[in-house]
Each structure stands twice: as structure tokens, then as C-alpha cells.
Amino acid sequence: MDRVLVQTNVLKANQEVAAENRRLFAGEGTVVINLMSAPGAGKTSLLEATIPALKGQYNLAVIEGDLQTDLDSQRIRALGVPSHQITTGTVCHLDARMVARALAEFPIQKLDLLIIENVGNLICPASYDLGESLRVVICSLAEGPEKPKKYPVMFHKADFVLLNKTDLSPASGHDLKDLMTNVWEVNPRAVVFAVSCKTGVGLEDWIACLREVIASAAWQSHRGYESSNLCSQA
Amino acid sequence: MHEISIAQSIIEIAEAKARQENSRCIQVIKIRLGEFTTVVREALEFAFEVARLETLAENARLEIESVAMTVRCVICGSVSNPVRAVCLICPQCGLPLEVVSGEEFQVEYIEIQIEAERV
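So the protein lines, in turn, are chains A and B. Per our numbering, the very first residue in the first sequence carries number 5; after that it's consecutive. Per our numbering, the very first residue in the second sequence carries number 41; after that it's consecutive.
The hints are simulated quantities; they were obtained by calculation from the structure and are not laboratory data. Please read all numbers here as calculations on a predicted model, not as lab measurements. Treat the hints with care, since some could be wrong.
Quick list of in silico lysine-lysine cross-link-like pairs, DSSO-like style, CA-CA up to 30 angstroms [as the list claims (entries may be wrong)]: (1) B:70 x A:154; (2) B:70 x A:161; (3) A:154 x A:181; (4) A:114 x A:161; (5) A:16 x B:70; (6) A:181 x A:202; (7) A:153 x A:16.
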């Protein structure tokens with residue numbers, strides 16, 4: 005019997021496709037958001053609240069991941085924005101290959117912002133890089149304040165965390181401060197927005213921040229930089 | 041429950057290496073699994089039992105080495121192992137802690153029977 009060293013990351017195949025996706029996105033100067041949350045936290049509602057504010061100014065598109073239906077995709081198309089549905093069947097997350105296949109039928113030329121709405125799940129999507137520029141996690145106050153502690157990997161890897169349904173604080177008896185503290189403890193570097201997609205409270209800051217991100221990507225693309233170049237120059 | 045597809049990835053990596061070494065029989069697959077990942081050891085062990093059928097790893101044993109989560113403060117240098125409710129703020133400095141280990145997830149080695157031995 006022989007022992008042979010392998011030392012290969014188990015998710016290597018996914019990471020390689022994600023790197024290809026990322027190169028493609030960088031070449032187009034497209035900002036790509038991987039939007040993740042538990043089912044019902046408000047991913048599609050956030051898109052419905054965000055897209056109308058940006059679509060006059062930027063070219064946007066959405067890729068929707070869902071186990072069974074294309075209901076969310078219909079909601080996005082109703083806003084007048086192209087939307088492509090990936091139906092995963094029983095798979096509980098999107099992976100880089102699914103996104104690469106979707107891109108073959110869903111051209112992203114001249115897109116400023118592509119939002120990929122992942123399958124509602126706080127566990128598996130955390131492990132699968134799609135090639136995104138930003139990982140955005142939504143957690144609703146109605147879910148209680150412990151979610152970041154129960155699913156620390158998901159929250160730890162987020163760039164932005166949106167705390168949604170803040171209007172339900174009195175009705176749910178949950179305190180926004182407790183939820184914010186828990187996000188901070190698992191991810192001190194995350195940028196946190198407290199919002200209500202229903203009342204619109206807090207969305208202004210989130211949308212202003214997205215505008216900054218898009219402008220910065222456009223600047224980098226204009227200068228012909230890719231993120232790897234920026235890193236090596238730093 | 042993504043452990044099935046993860047078990048398949050592990051087997052694909054092991055099979056590719058075994059073929060490279062001209063072996064058609066994998067006996068052991070050793071992996072390192074960090075505590076700060078989304079993979080549950082027991083679920084992975086169960087998934088492996090199913091995923092290995094009709095592969096070169098059909099008779100292989102999956103050995104899992106758990107890697108503890110370790111964090112370090114970049115300011116004061118204190119090292120600790122967060123337990124249960126993860127808190128990544130240094131209790132002394134109040135600044136973010138960096139994760140030193142616990143995010144590992146790799147196939148470390150395989151043990152194979154090479155063709156010559158079987159003849």
C-alpha cells in the first residue's frame with residue numbers, strides 16, 4: 005500500500021470556475037453581488053426596493069436561484085429588469101458552475117450590476133464562491149437576534165449585512181441592538197445596514213453605498229485594472 | 041445537506057490522484073476538516089458511504105482529522121479557541137481577531153494499492 009500526498013482543497017473545482025467567472029465579470033466591469041439569507045428574510049423584497057432606485061442610471065440584471073419555482077424571477081421581470089432563473093431542484097445552494105452555465109444563455113455585456121439571489125439557506129451557500137465581488141447577507145429582525153451566532157460562517161464571510169424588517173421590532177419583541185451586537189461579534193469588519201424593505205427606512209444608505217461600489221468598479225475598469233493588479237500594487 | 045456533493049468532490053479528487061499513480065483501488069482517504077466550516081462530520085461520513093459506491097474508493101475508509109478553530113489578536117497577539125458562541129472581538133483590545141485555523145477543508149493524502157502489488 006502506498007501513501008500519496010494530495011493536499012487539495014475539497015472545493016477546488018468550484019473555486020476554479022469561480023475564478024473564471026470573476027475574470028469575466030472584471031473584464032466587463034460588472035459588480036456582482038451574491039445575495040444570501042434564510043428563506044423569507046427578504047432577498048426578493050430587497051431587490052424590489054433597490055432596483056427601481058438604480059435602474060434609470062445603470063444597466064442591471066438578476067440571476068435567481070430557487071429550488072422549484074420561478075416566482076421570484078417573475079417579480080423581478082415585473083420591474084422591467086432582465087432576470088434569469090436557475091432552478092436547482094434539490095440542491096440547496098448555487099455553485100460557480102451553475103452561474104457559468106447561466107452566463108452562457110444570459111449575456112452580461114455592458115452590465116453595471118448583476119445581483120445573484122442565492123437559494124434561501126444560511127449554511128451551504130457560504131461555502132460556494134460564485135465569482136462575486138460582494139457577499140451580502142440579509143437577516144430579518146423577526147428571525148430573532150441569534151442567527152449570526154447560529155450560522156457564524158455565513159455572517160463571518162459577508163461584506164455587507166442588511167438587517168431587515170426593523171419595523172417589526174415592537175411586534176416581534178426583538179431588539180435591533182442585540183442582533184447588531186451578534187453580527188459585530190462574528191464579523192467586526194462587516195458594513196451593516198438596518199432597513200425595512202416595507203417602509204423604506206434605511207434603504208437610502210444602502211442604495212448610496214451600492215452607487216459608490218458601482219462607480220468605483222467603473223473607475224477600475226476604465227483604468228484597465230483588475231482586482232489582482234490592485235492587490236499586487238498595494 | 042450539501043454533504044453528498046462534497047463527498048463526491050472528495051472522491052473525484054482522490055480518484056484523479058489514484059489514476060495518476062496507476063492505481064484502481066483507493067484504501068484510505070484522509071481529509072482535514074476545520075471546525076469553522078459549514079460541513080458536519082457525521083453527515084459527511086454518512087454521505088461518503090453512499091457516494092463511494094461504484095468508484096475507485098468503493099472500499100476506501102474516510103479518515104477525518106478535525107482542525108480546531110484558533111483566533112489571534114493582531115494587536116496584543118493573544119491566541120484563543122472560541123467555543124460555541126463565536127466572538128471575534130479581542131476581549132483585551134476590543135479589535136477584530138483574525139482566524140488562524142479552523143477554515144481548512146482539504147484532501148490531505150490517499151493510500152492506494154498500485155497495480156504492480158496486485159499482480
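Hints and how they fare:
Between residue 70 (chain B) and residue 154 (chain A) the alpha-carbon distance is near 28 angstroms, which keeps this suggested pair within the 30 angstroms criterion. Under the criterion of a C-alpha separation no larger than 30 angstroms, the hint pairing residue 70 (chain B) with residue 161 (chain A) is consistent with the structure, at around 27 angstroms. In summary, the hint linking residue 154 (chain A) to residue 181 (chain A) is supported, as the alpha carbons are separated by about 17 angstroms, within the 30 angstroms threshold. Restraint check for residue 114 (chain A) and residue 161 (chain A): satisfied, since their Cα atoms lie roughly 28 angstroms apart, inside the 30 angstroms limit.
Of the supplied pair hints, the one linking residue 16 (chain A) and residue 70 (chain B) holds, its CA atoms being roughly 16 angstroms apart against a limit of 30 angstroms. Note on residue 181 (chain A) and residue 202 (chain A): the hinted pairing holds, with a Cα-Cα distance of about 20 angstroms set against a maximum of 30 angstroms. Simply put, residue 153 (chain A) and residue 16 (chain A) have alpha-carbon atoms about 27 angstroms apart, close enough for the 30 angstroms limit, and the pair holds.
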